[in-house]
Every structure is written in structure tokens, then in C-alpha cells.
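Visitor: Chain residues, written in single-letter form:
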Amino acid sequence: MLGRTALERRFDGEEERSGLTLAEAAVSPGEQVDQLYRDARNDVYGYLLTLGLAPAQAQDLAQETFFRLYKELRTGAAIRNPRAWVFRVAHNLGLTEREREGRLEPVDTTRLMARTDTGADPELRAMAREQAAGIRQALERLSAQQRRCLYLRAEGLRYHEIADVVGVSVSTVGEFLRRALAKLKKVVHE
Amino acid sequence: MQKHAAACSECRVQLEEWRAALWDYAAFHHQELKPSLPPPPRPWKPLGRGRLGWMPRIRDPRIWAALAAGVLLGVFLYQTAEETVSAAEILDKAQARKTAASAPAERRIRIRTGSASFVRPAVMTSEREDLSSLRSLFEQANYSWDDPLSARSFARWRSQLPSKEDEVRVFRNNELVEITEALTDDEPAPAIPPAHMAAAPPSPATPGPADELRVLAALNRLGADLGEPVEVHRDARRVIVSGLGLDLSRQDQIRDAVGRLPHVALRFEDPRPAAETAMIAADSLAMPVPEAVHEELEQQLGGPAAVEEYINRLLGSSRIRPDPRACVAASGRTLPAARRTGSRPGRSRRA
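Protein chains in written order, with my numbering: chain A, 1 to 190; chain B, 1001 to 1351.
Don't take each hint at face value.
[To be verified] Simulated crosslink set (BS3-like; lysine-lysine; CA at most 27 Å straight-line): (1) K185(A) with K1003(B); (2) K71(A) with K1045(B); (3) K1045(B) with K183(A).
[Unchecked claim] Computed Cβ-Cβ distance ranges for the label pairs, DEER-style: (4) G174(A) with A1066(B): 49 to 59 Å; (5) L95(A) with A1005(B): 17 to 27 Å; (6) E130(A) with E1016(B): 21 to 31 Å; (7) R125(A) with Q1014(B): 22 to 32 Å; (8) R74(A) with Q1014(B): 45 to 55 Å; (9) G1070(B) with G167(A): 34 to 44 Å.
In short, the hints are calculated from the structure, not lab data.
Quick reminder that beta carbons are idealized off the backbone N, C-alpha and C, glycines included.
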């Protein structure tokens, strides 16, 4: 499992706060986008997969997302959190692509989890496998909106940023996450 | 919310449970969910210069100014850079060109020395008795007399120099010899008098800048070109050297230095008025001054100091300072030579 320190840092928003307004930064927009592209392209790609896109489509849209970020910064726009910005644009691009292809059903990412824990301790490995199975079951009971909110929260976005990405209010995001975590807690700790 | 959670144990416990659930999901998210996602089908393309074609944006105007200054400096250095060519290389090229070129028609050159000017063939094919003295100068300098303007002659002369400076203007005896190519064929060849050059050869009828420069150079050697009232100007016929108020010895020096140069006319003037000249003449007649007269003057005026003061006042009242001895002489009294005061050096006597 991921260490708590790293998780706390992500949830406390330290990572996202490092992305100050790009227009105020000393480096050029190209260098900023290059850095963010290397750091977050797999995260955006994974999120696009959760929207039900094929891997090739998800990869193309991920690159398109960062290209749009660069064009936006070239116009002098001030983007407070570029990481949240790319998730929002990727979300919109993904939904647009899905609607264009008429695919309404997202890919069930919960069924893609077949990874085997490689921990050394067989007992811990068995416990982790059992916990992962419980979470997977809990995720199957969540709505698509709740899963997206949970996914984005785990990616470090804050409530208002998740609200921007998904297109709902901040309070709705809070309610989605509260219900999703309640189900997860119930499954994991039962 | 944090305050409420701190005060409410039930809410605090619930919050901790949610946070624990979120951490559990986050661990699942990063260690199970994301690694299980299918990898990108293609390698990620470089987003920067490959697709976007952007250039690093330089925002500091000082960097742009430095770049612009560097470009301008480079252009300036490129345009002003002089290609270094050795004299030997130039001579080699000149000789090769001379060899490759067809033989020129009969050329003539003008040779001008400090006291003569004449025209001769560029390449001498026969001996000339009247030019023997000048020929000897060339031979002493190890320079070709027969073909002085050819690159081969110059290269041969240059090769025997211990230190090559590539600048030769005069011979060792300071005889200035100027050689130019005679462009007109209607000049008599040679226009040399049969006798020795110094005796006969007429210089050109009108003085040129070279004549004026010779005069200036001679004055410079004397130190007479700065701080002394000597002027040089050239008209259509002469180079006039005029001096104002110079003493006789200085006039003689200038006369010796420039008097032999061609087209030079000397004019020395004395600015003193005729009355002063007359007084000086009278002074010359009044010499020597009797001692008795000077003593009488001292007695009348109250001593030597009073005499000095009287003379000084007399000199100060005149715009042009006269010779005090002449003043005394003009007033019927003279000073002894041993007590002459106030006279300017070199102006006491007039020839």
C-alpha cells in the first residue's frame, strides 16, 4: 500500500500547490507543459480510460489535452492549477469523443484489476489481495459519477477542482465522495 | 470542521474512518487500479519541439540587447577585419603577374630629386654619363638602377635586407628621390642638362605640395614650426617663408635650411616702427655709453633703483617695448653696456 506520508501530501494539496500560475513562473510555457506532460500524462490517460475510451483514443486525447494547455498558456491565460485544468479538458474531450462514437457505456475499470501483489510476506499479500477485492466490490456498487470523483480525489484534485472537471457543484462532489467512502469503509472494514 | 471534529468525538471518529477509507482507496488506486489499466499502445510522442515547434521564450530584454549587440559586433568585426598578406606573398604575385603579362610598350619614368627632375626610360638599356651620380646612389643602396620600378628589382633588394621593414623613402645621405611613371609621351626624354644635375636641371615652373612639405620638414628640423612667428604659404610661383621679428641668427638658420630648396622665397620682417628703428640706429651710434652720464642720471633721479624704475615706466608706456638703451640715447643720455636692462634677447641690435 502507498505510504501515508505520500497520500497525505497529495490529499493536502501540496503537489497541486506547486503548480502556481504558469504565467507567473520563470520558465516558458513550453517548458512548463513539457514537465507536466511527463508527470501527468499517464494519470490523464488512465482517467480517459475510466471514461470508456479505447487506449489509442485515450492516448491521443491525452496528448491533445496537453497541446491545448500549451496553446492556452501562449495566449497569456493564467491557469491556477494546470493539473486540474488538464483533467477537466480531458474529461470534456473524452465525453465528446464518446458521444461522437455513440458509446454510452464506460469501460468497467473495476474489472481490469487482475494485478497480483508481489509482496514478500504471504500473509500480508493475502490480506492486501482480500482488501483489493473488497474495494473492487465496493466500486462496482458506486455510480459512475462517484467513481470519477473518487478517482480524481485520489489524483490529488480538491473538491472545487473535481466539481469543475465533472461539471457538478462542490457540495455535490462532497456528497458523492461521502457516500462513496461510506460504502468503501463498510466493505473494507466488514 | 476541524474545530467541530476536535470537540465532537463522534464526528472525529467518523472523519477518521472516512480518511482511512480514502487512504485505503488511494492505495488501491495507485497500486492496483492504475497499474491494471492497459498501457498506452504507442510510445508517448515528445510534445515539445517535435509537435509544437515552440522556442524558449526569452523575456528579459537585457538578453535580447546582449544578443543584438553581439550580432552587431560580429558584423562590425567581419567588415573591418583585414586580411593579413605578407610582403613576400605580394611580391611573388607581382612578379608572376609581370612575367605572365605581355611586355609593355616603352615606358618612361620621372625621377625627381631634391634638386632636379628628369625623365628617363623605365628600363635603362644603355649607360648615361650624366646620370652617373644618381646611379651611384642606387648602387650604394643595392637597388636596381636599370629597372627600379619592377617587382623583381624590389624583391631582390628586399631579400638582401637584414631586417625587412618594407618602407624606404630616402637614401642614407638623406637624398630624397621620387620616382613616378611619366604618363605623357610628349615630354622630352631625357630632359636632363648635360652637366651635373645639381647645376642645371630646372625644377617644374610651379611649386607643388611636395615643395611646401619639404619646407615644412626643414622648419620642423629646426624647431621653427612651433611657437615662432614663421609662416609658410604657397602661391602659383613660390613657396613663401615669412618670419616676423626674428633675430638675425634665427633668420640665418632658416635661410640656410630652406633657402636652397626650389621655389622658396624668404621674407623676414621687423614689426618695430620706424621711430624705434631710428632709436636703435641712434643707439648703435651712441655706443658705448659713458659712465659719467649714467652716474649723472642716477644723481638726478635718486640712485640706480630710481633709474630702473624710470626705465620700466618708460617701457610700460610704450605698446612696443623699445630698447631702453635707445630710449636713453634718444634723450641724449646713454647707459653703459654693463647696465643694460629690459631689452629682449636678440632684439638689441639690428644689422
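Visitor: If a hint holds in the structure, say so; if it does not, say that too.
Guide: Going down the list of hints, with the structure as the test:
1. K185(A) with K1003(B): Holds, because 24 Å separates the two Cα atoms, which is no more than 27 Å.
2. K71(A) with K1045(B): holds, 17 Å
3. K1045(B) with K183(A): Given pair K1045(B), K183(A) is violated - Cα atoms ~40 Å apart, limit 27 Å.
4. G174(A) with A1066(B): 49 to 59 Å: Given range 49 to 59 Å: holds, Cβ gap about 54 Å.
5. L95(A) with A1005(B): 17 to 27 Å: violated, 36 Å
6. E130(A) with E1016(B): 21 to 31 Å: holds, 22 Å
7. R125(A) with Q1014(B): 22 to 32 Å: holds, 31 Å
8. R74(A) with Q1014(B): 45 to 55 Å: Cβ of R74(A) to Cβ of Q1014(B): about 47 Å, so the range 45 to 55 Å holds.
9. G1070(B) with G167(A): 34 to 44 Å: Cβ of G1070(B) to Cβ of G167(A): about 52 Å, so the range 34 to 44 Å is violated.
The structure shown violates the earlier hints numbered 3, 5, 9.
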